[in-house]
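**Q** Please work from the sequences and hints to get the whole structure.
2 protein chains.
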Amino acid sequence: MKKFINDPADVVAQALAGVAAAHPELRVEIDEQYIVRADAPRPGKVGLVSGGGSGHEPLHGGFVGPGMLDAACPGEIFTSPVPGQILAATKAVDGGAGVVHIVKNYTGDVMNFQLAAELATEEGISVETVLVDDDVAVEDSTWTAGRRGTGATLLVEKIAGARAEEGGKLAEVAAIGREVNTHSGSFAYALTAGTTPAAGRPGFELPADEIEAGVGIHGEPGRRREKLRPAKELTHAALDAILDAKPFPGPVIVLVNGLGGTPLIELYLIYGEVARHLEERGVRIARQLVGNYVTSLDMAGMSLTLCQATDEMIRLWDAPARTPGLRWGA
Amino acid sequence: MKKFINDPADVVAQALAGVAAAHPELRVEIDEQYIVRADAPRPGKVGLVSGGGSGHEPLHGGFVGPGMLDAACPGEIFTSPVPGQILAATKAVDGGAGVVHIVKNYTGDVMNFQLAAELATEEGISVETVLVDDDVAVEDSTWTAGRRGTGATLLVEKIAGARAEEGGKLAEVAAIGREVNTHSGSFAYALTAGTTPAAGRPGFELPADEIEAGVGIHGEPGRRREKLRPAKELTHAALDAILDAKPFPGPVIVLVNGLGGTPLIELYLIYGEVARHLEERGVRIARQLVGNYVTSLDMAGMSLTLCQATDEMIRLWDAPARTPGLRWGA
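Which chain is which? The protein sequence lines are A and B, in order.
Numbered according to this note's numbering, the first sequence terminates at residue 330, and the numbering increases by one at each position without gaps.
Numbered according to this note's numbering, the second sequence terminates at residue 330, and the numbering increases by one at each position without gaps.
The hints are simulated quantities; they were obtained by calculation from the structure and are not laboratory data.
Fair warning: there could be bad hints in the mix.
Identical copies go unnamed one by one, so any copy, or any two together, can satisfy a pair.
What the hints assert, rightly or not - Below, computed lysine-lysine pairings styled on DSS-like, alpha-carbon distance capped at 25 Å:
#1 2 x 227
#2 2 x 232
#3 232 x 91
#4 91 x 169
#5 246 x 232
#6 169 x 227
#7 169 x 232
#8 91 x 246
#9 91 x 227
#10 2 x 91
#11 246 x 2
**A** Pasting the structure below:
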């Protein structure tokens, strides 16, 4: 294994120390393992907390800041954050207006966020949970009952974050987050597996000419292994899988997301294919984002996410965000 | 070779089509192969043009927009842009106040930009060239006489771009660009080589426990192959190499840059080590940036860049930029 680390056991804590040094606008609680806006809690503002296993950066810690999350709880790599950690983050961002938990649908994450929500409720904090389960590739998976939460998490965090920033109430912020999730579908391909520092070798092996179609962000199996095909064919198949799973009659927000080891030049090439194929399918693109946002360590791969966007979602998507990983208008 | 492409020969053109579709705020001339601000030329504004081989994205095309470049000329992968292409971009951004060429020090780039500058001059456009040669690892290299241009290119484009945006004259914009370069030093490590679509296999082979210290952004050999060591030791050695090469008495802008295949969690871990070691060495950090900005396709690796920053440079660094690859304040 070749990585820029010191000790596999300390990667998350040492990366958090780097985040703390690089981003004075954030407060990083290294012992309790969460990242929070330095100005938290903000009285009267609904707090947004997300989290999950590390290894998907910039998700979630990179999306803490005005217009997106108030706090993020990174677990160890590909490991759920623990309830105490989530509770501490929830208390840190509670400004009296309640807290929304944005949770990707993995069994451990769901359980631990639920327990933290119960503990927070006992302490008088109102918590609403938005569950993200946008991956259309498979129903149930290695660590998931139901569909997995993947690329749409970014959209939920951006759009619900903007709603909270402008003064939305707890129920409103949660409602728009759920609406974004319901309106979203994603599909991913892996060309190679990522390598966790603890394992020291790729999470799975693929023959030199095969890919995993419908892969999860921890390398979970997808629909099938298949031969590598031209980007155009893979893009069409992924879009068709999403369009078959959910209706997308109106304008969409598109995310072309790299899984960590795929160069930007390939992601733009894919976006060109996406734009052409959606036009052929009669789907209008309202907004688009291309880059590495929801990754799987150094996995070479990409995911496509479509979100059937209302005018309100587009307005909130366009609102300013000021975070390490996503920034515009501020 | 596993890549999301259609045909190795069409990667750059097809990626440019994707850039055109994703960024309506830019104009992409796919046949002439350059990317330009949609509002170019802007009368009275000094135009900034950069370019070089593709494969280093977001450099340069991702840095076109208000506050940075007016145009970028991507060559084929790891191949210099041609004079006609550079001339066309130069003419497209000439608003009557002259044009600055920002050129990384590779023999082909230098020759072709020089020829384009001569042709532009013949057409009545004043051109100043800023040569970037910040890499302290080696003197002369595979495609370079003198030092290679690497991470500092981003700093030159940001700071000179801000100076042009606020109305700086041709000589002033060129002068601050040169000053940034003179004040900068960089050093890179490769854990693996990148794979060009044309070659279909990694540019060089490294044993499983070895790295290339001082590698170039096309995989050019560095100072030596050495055993992989903890991130802390590698970071210290890279910083010491930079600090030995140039004086850095005052505050610095730091860039921790991924070469394409290195996860963000490792780059942040490295930044933590950078911050600690610079403190030990008595070097104050004024600003910092962590991410994948000057890449080498899918190479797992990272580079460190320090720039001895004047107050003026910091002011211009903080000025708004609105580009696909770097954005703040707008």
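**Q** What are the numbers of the hints the structure violates, in ascending order?
**A** 3, 6, 7, 8, 9, 10, 11
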